[in-house]
Structure formats: C-alpha cells, structure tokens
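S.K.: All the letters of the sequence shown, read from the start, carry residue numbers 14 to 285 under this note's numbering.
Among the hints, erroneous ones may be present.
[Stated by the list, open to error] Below, computed lysine-lysine pairings styled on DSSO-like, alpha-carbon distance capped at 27 angstroms: (1) 230 <-> 35; (2) 245 <-> 216; (3) 240 <-> 230; (4) 216 <-> 240; (5) 59 <-> 177; (6) 129 <-> 246; (7) 177 <-> 35; (8) 234 <-> 165; (9) 35 <-> 59; (10) 230 <-> 246; (11) 59 <-> 123; (12) 124 <-> 239; (13) 124 <-> 62; (14) 129 <-> 230; (15) 216 <-> 165; (16) 243 <-> 123; (17) 165 <-> 245; (18) 240 <-> 123; (19) 234 <-> 245; (20) 129 <-> 35; (21) 177 <-> 234.
Quick caveat, the hints were computed from the structure, so don't treat them as lab data. Just so we're clear, the structure is a prediction, and the values are computed from it rather than from any experiment.
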Amino acid sequence: MCGIIGYTGERGAAEIIINGLKRLEYRGYDSAGIALVDGSLYVEKKLGKIAELEHALDFPALGHFKAGIGHTRWATHGAPSDINAHPHSSCDGRIALAHNGIIENYQAIKKMLLDKGHRIVSATDTEVVVHMIEYYNQSHSLAASVMLALQKVEGTFGIAVVSKDEPGVIIAARRGSPLIMGLGENEMIIASDASAIVEHTRKVIYIDDNEIIEIRKDGFKSYDLKKNVKSKKVEDIDWDIGLIEKQGFEHFMLKEIYELSLIHISEPTRPY
C-alpha cells in the first residue's frame with residue numbers, strides 16, 4: 014500500500030517528512046518522493062528504498078522549507094521508476110500532488126488534458142489529477158481548484174497537494190483511502206496512517222469521504238466537495254509509539270514473533 018505524509022509548521026519540513034515516510038515503510042513500497050514549498054517548489058523522487066531518497070537530499074540546504082508532502086508508492090499504473098514515483102508536478106512546476114488510490118477515468122481525463130496542451134510525462138493514473146488542478150488554478154485558489162478537479166474524478170483517492178504560490182498551505186482530500194491529520198503547536202501533519210503522526214502529537218482529526226481540508230500551521234478549514242463548511246471533532250490517540258517501532262529488529266514480523274514468544278513463556282504451565 015502507498016503512504017502519504019505532509020507537514021506545515023515552523024520546523025524544517027524535509028526531515029519530518031522523511032522520518033514520517035520511514036514510519037510508513039511497513040506498508041510496502043517500491044519508490045519514494047518528496048515535494049517542498051517555500052515560494053519555490055522542490056521535488057525529489059527515487060526508485061527503491063527511502064534511504065535512496067534520503068541520500069539525495071541536502072538537509073541543511075533545504076532547511077528553509079517549512080511545508081511539504083512525501084509519498085511511498087506501490088506501483089499499479091506504470092512500472093516502478095523515478096518518473097512514475099510521487100509526488101507528481103504540474104506542467105508549470107508550481108503544484109505537486111501525492112495520491113493513494115485508483116483514478117478509474119484517468120484515460121478520458123488524460124485525453125482532455127493532452128488536447129489542451131498539457132504534458133503528461135508518467136505512465137500513472139495519478140498525474141492527470143495535478144494537471145487538472147493546474148488547469149483550474151489559473152483562475153481559482155488552490156483549495157477551489159482541488160475541489161473542482163475532484164468533481165471530475167471517478168475512483169478512490171487520498172491526496173495531499175502543495176503549491177509554491179500558496180506556501181505553508183496543504184490541501185488534503187479523500188474518498189475511500191484513509192487520511193488523518195495531527196494538530197500540533199503551530200504545526201499540522203497529514204498522513205495516511207497515524208503511525209507517522211504520533212511522534213509529534215496525539216491530537217488528531219479523521220478525514221471523511223468526499224471531504225477537503227485546507228491546512229495551515231495554525232489552523233484548518235474543512236469542506237465537502239460542494240464547498241459546504243464541515244465541523245470536525247478533535248480526538249486523542251492513546252497508543253504508544255513503541256508499538257509501531259521495530260525496536261532493533263530487522264523486520265516487523267521478527268518483532269511480532271519475539272513478542273508473541275514472550276507472551277507464551279510468561280504464561281503459567283498448565284497440567285494436562
């Protein structure tokens with residue numbers, strides 16, 4: 014399964030996103046990527062392990078980026094490659110998007126975009142969505158553009174979108190693919206799994222199907238796909254981060270086998 018994480022706040026986004034992607038490794042993946050925004054857009058994508066992506070990043074040089082998104086991909090449409098890895102970018106290099114799910118009508122959308130002069134460079138179903146957002150973003154805000162684009166989409170999605178024109182803003186939306194948002198002190202984290210959030214905050218909201226969240230470091234706004242405002246309940250995560258760490262084991266399965274063996278040993282012997 015693919016994984017998404019996004020961060021906006023006052024700390025360097027690159028390290029937080031990379032560490033969050035590592036929390037999502039257990040889901041399985043074949044490539045990973047990151048997009049950072051701060052009045053400019055920086056995108057790096059690598060086939061293989063997150064370590065390959067991490068080695069390609071100059072963290073001190075990227076320290077001024079305070080917002081961004083990351084993704085681990087498990088190939089569906091298009092073979093594993095740097096080009097097919099997420100996040101995907103718009104033609105003009107302003108917008109980047111990470112996506113979990115399947116866009117069922119992507120071929121029809123792709124044809125329409127090609128007819129309008131867009132350049133589609135990957136073999137994925139996902140890339141058409143960022144170009145649709147780019148199309149609407151000529152005359153609408155990023156949030157409104159995402160909303161309009163998703164009204165044309167058939168299928169499932171959990172997405173996170175950033176634009177260099179609205180640095181510090183992340184737009185997240187879902188239909189059939191989980192997303193959760195963590196609320197910190199002057200920072201927000203979006204992820205497809207709570208395991209990437211609990212290191213930073215235990216305060217979360219669960220994003221509903223057909224819901225769009227406009228996220229800033231100091232707050233958020235929630236809408237349905239017709240721009241009706243939604244109210245959200247903040248909840249607490251009450252499980253420990255140790256439950257999701259390998260704690261020295263090479264694989265999560267080895268950790269689970271060890272823990273199960275301890276439970277078995279601790280049980281009293283019962284006479285037959």
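S.K.: None of the hints should be skipped; say for each whether it holds.
M.R.: Structure-based check of all given hints:
1. Under the criterion of a C-alpha separation no larger than 27 angstroms, the hint pairing residue 230 with residue 35 is consistent with the structure, at around 23 angstroms.
2. Of the supplied pair hints, the one linking residue 245 and residue 216 holds, its CA atoms being roughly 12 angstroms apart against a limit of 27 angstroms.
3. A C-alpha spacing of about 21 angstroms is found between residue 240 and residue 230, which places the hinted pair at or below 27 angstroms, so the restraint holds.
4. Between residue 216 and residue 240, the direct Cα distance comes to roughly 25 angstroms. Compliance with the 27 angstroms bound is thereby established for this hinted pair.
5. The suggested pairing of residue 59 with residue 177 holds, with an alpha-carbon distance near 22 angstroms, which does not exceed 27 angstroms.
6. For the hint pairing residue 129 with residue 246, the CA-to-CA distance comes to about 42 angstroms; that exceeds 27 angstroms, so the pair is violated.
7. Proximity of residue 177 to residue 35 is assessed by CA-CA distance (about 25 angstroms); at most 27 angstroms being required, the pair is judged to hold.
8. Simply put, residue 234 and residue 165 have alpha-carbon atoms about 22 angstroms apart, close enough for the 27 angstroms limit, and the pair holds.
9. For the suggested pair residue 35 and residue 59, the alpha carbons sit about 14 angstroms apart, so the restraint of at most 27 angstroms is met.
10. Restraint check for residue 230 and residue 246: the C-alpha separation of about 18 angstroms stays at or below 27 angstroms, so the hint holds.
11. For the hint pairing residue 59 with residue 123, the CA-to-CA distance comes to about 24 angstroms; that is within 27 angstroms, so the pair holds.
12. In summary, the hint linking residue 124 to residue 239 is supported, as the alpha carbons are separated by about 25 angstroms, within the 27 angstroms threshold.
13. Of the supplied pair hints, the one linking residue 124 and residue 62 is violated, its CA atoms being roughly 33 angstroms apart against a limit of 27 angstroms.
14. Among the hinted pairs, residue 129 with residue 230 is inconsistent with the structure: their alpha-carbon atoms are about 35 angstroms apart, more than 27 angstroms.
15. At roughly 33 angstroms between alpha-carbon atoms, residue 216 and residue 165 are farther apart than 27 angstroms, so this suggested pair is violated.
16. Restraint check for residue 243 and residue 123: the C-alpha separation of about 32 angstroms exceeds 27 angstroms, so the hint is violated.
17. Pair hint residue 165 plus residue 245 holds up; C-alpha atoms about 25 angstroms apart against a cutoff of 27 angstroms.
18. Using a Cα cut-off of 27 angstroms, the hinted pair residue 240 and residue 123 holds, with the two alpha carbons roughly 25 angstroms apart.
19. The suggested pairing of residue 234 with residue 245 holds, with an alpha-carbon distance near 9 angstroms, which does not exceed 27 angstroms.
20. Using a Cα cut-off of 27 angstroms, the hinted pair residue 129 and residue 35 is violated, with the two alpha carbons roughly 39 angstroms apart.
21. For the hint pairing residue 177 with residue 234, the CA-to-CA distance comes to about 20 angstroms; that is within 27 angstroms, so the pair holds.
Going down the numbered hints, you'll see the structure goes against 6, 13, 14, 15, 16 and 20, while the others check out.
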